[in-house]
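Please work from the sequences and hints to get the whole structure.
So in our numbering, spot 85 of the sequence shown is number 85, and the numbers just go up one at a time.
None of these hints come from the bench; they were simulated from the model.
In this text, a Cβ means the ideal position worked out from N, Cα and C, and glycines have one as well.
Just so you know, not all the hints are guaranteed correct.
[As the list claims (entries may be wrong)] Cross-link-like lysine-lysine pairs, in silico, BS3-like; alpha carbons within 25 Å at most:
hint, residue 1, residue 2
1, 137, 12
2, 103, 12
3, 115, 2
4, 138, 34
5, 34, 56
6, 12, 56
7, 12, 34
8, 137, 34
9, 137, 103
10, 51, 34
11, 103, 115
12, 12, 2
13, 138, 103
14, 137, 115
15, 56, 6
[Claimed, not checked] For each label pair, taking beta carbons as the anchor points, the in silico distance ranges come out as:
hint, residue 1, residue 2, range
16, 137, 116, 28 to 36 Å
17, 109, 84, 33 to 41 Å
18, 2, 29, 23 to 31 Å
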Amino acid sequence: MKLSTKGRYGVKAMFELSLNYGEGPIPLNCIADKQNLSVHYLEQLFSNLRKAGLVKSIRGAQGGYMLGRNPADITVGDIIRTLEGPLAPADCVIGDDTKECYKADGCVTRIVWEKIRDSINDVVDGITLQDMIDDYKKMNNKDSYMYYI
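Rendered as structure tokens:
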């Protein structure tokens, strides 16, 4: 399973917003510059993120975007599912409805696909933007520490 640029860029952009949480709106071009992403592409992504309540938009000269909730309350799974849709390795395990496949009750591979789906969801739902911020700070502190030795 491979994420498209929607999911990958969306997580990067949301991480950038989370680094500035509580400091007011951030213009989209600043996010794009810092993460080396296309402003036009981010506009499309942020439209969906705004509709899902993950970001808020502020108009005007001092406008931009900011997180819709605290970074500790937004998971990587929230972002990816908003931009990509359900995370499943096969169509037959997207929903809980087994009627999609007439062989579902006796399909051994379906059990494998369900386990993969559940594992992926457990991972992405277990990582918040705050976790990413914390990891980022640890990485930078480690690098700074190693630099000064």
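* To do: Of all the hints given earlier, name the ones this structure violates by number, lowest first.
  => 2, 9, 13, 14, 17
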